[in-house]
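Asks: Letter by letter, the chains look like this.
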Amino acid sequence: MSISDKRDRACQKFMAKVHEITAKEGITPSALHQIKKKLVSLANKEALFPLSDFTMPVAAGRNHPLLVEDDDGHGLYLTINMPGKEAAPHDHGIWCVNAAISGCELHQFFRRTDNGAIPGHATVEQTGEVMVEPGNGMAMGDHDIHSTIVVGKEPAIGLALYGYALASFPSVVWYHSEFSSVRALPSRRGANAA
Amino acid sequence: MARSPKTHRVKITNSKSVINCATNQTILQAAIAAGIDYPYACASGNCGTCMGRLEDGKVSMLPRGDAALSPKQAKARFTLACRARPRGPVTITWLGADRDV
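As given, the protein sequences belong to chains B and Y, one line each in that order. Be aware that the first sequence starts at 71, since it is given in the numbering used here, and climbs by one per residue. Be aware that the second sequence starts at 496, since it is given in the numbering used here, and climbs by one per residue.
One thing to keep in mind: the hints can contain errors.
[Stated by the list, open to error] Across the chosen pairs, the derived CB separations fall in these ranges:
id : chain 1 : residue 1 : chain 2 : residue 2 : range
1  : Y       : T518      : B       : P135      : 36 to 42 Å
2  : Y       : T518      : B       : R259      : 39 to 45 Å
3  : Y       : S512      : B       : S172      : 27 to 33 Å
4  : Y       : S510      : B       : I188      : 18 to 24 Å
5  : Y       : A571      : B       : G222      : 48 to 54 Å
6  : Y       : S512      : B       : G222      : 37 to 43 Å
Simulated from the structure, these hints should not be mistaken for lab results. Heads up, the beta-carbon is just placed ideally off N, CA and C, and yes, glycines get one too.
Could you put the whole structure together from the sequences, leaning on the hints where they help?
Replies: Listed below in structure tokens is the structure:
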């Protein structure tokens, strides 16, 4: 069996476990924690994810679909982000779980501190952080806010599972402390959701 | 005493404004500081909302996601204001809702 076949089989097995967990518990912090542990185990099988099978970013960040479910299901991706690649604090509108294969990506978590009364204005404060590195991962709920930055000199290569495929994402909301602002991208749900 | 970073003139055609942008500042940061309603969302090189055409001048780019600006777009002198730092005088036009690239 080729590495690609073994990888596909491992991803399908992982996704079956995800559905087993969520069928029993729904999307709860406990369920996301269990999914994170399963994703970390999958990411630890580094031999299934040889870099030669995945194109490196042309710029600094690229997502490779591993298993995107039909019927508006979950999306599992291999992500490659180069040193310095960052994402400002944002809320996906959908849960996600990450685990590292190699490299280090710092995830910081935030909470919104204003009441949303002024359109386009927002303030956030940091509530925690986790270093996603080999043997570790992170999980966040539908409207949790996080930022990311790749630290160190190596690319951060990891696995990311989202409640929806990236092409079917709800509105992603971005927060900027520097500008005390909030900006939302249009939802992709209308065009792509079943 | 620490020296202030060098600044360059950045002309934003949409707002008919000319602003100063430090070499350690992105065009988006300088525009917002100058009170210009420059279109943006992620402000970190992931979404492409602040994409604009570099009419004149050169910029250096902070890391960005591949999906935010394709090599074809970069070759055609499109850039991301949230990632672009001026290397000299620059003229830029944001695409906003009129983008077709």
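Asks: Now look at each hint and say whether the structure bears it out.
Replies: Each hint, compared with the structure:
| no. | hint | result |
| --- | --- | --- |
| 1 | T518/Y to P135/B: 36 to 42 Å | holds (38 Å) |
| 2 | T518/Y to R259/B: 39 to 45 Å | holds (41 Å) |
| 3 | S512/Y to S172/B: 27 to 33 Å | violated (45 Å) |
| 4 | S510/Y to I188/B: 18 to 24 Å | holds (22 Å) |
| 5 | A571/Y to G222/B: 48 to 54 Å | violated (33 Å) |
| 6 | S512/Y to G222/B: 37 to 43 Å | holds (39 Å) |
The structure fails to meet hints 3 and 5 from the earlier list, while all remaining hints are met.
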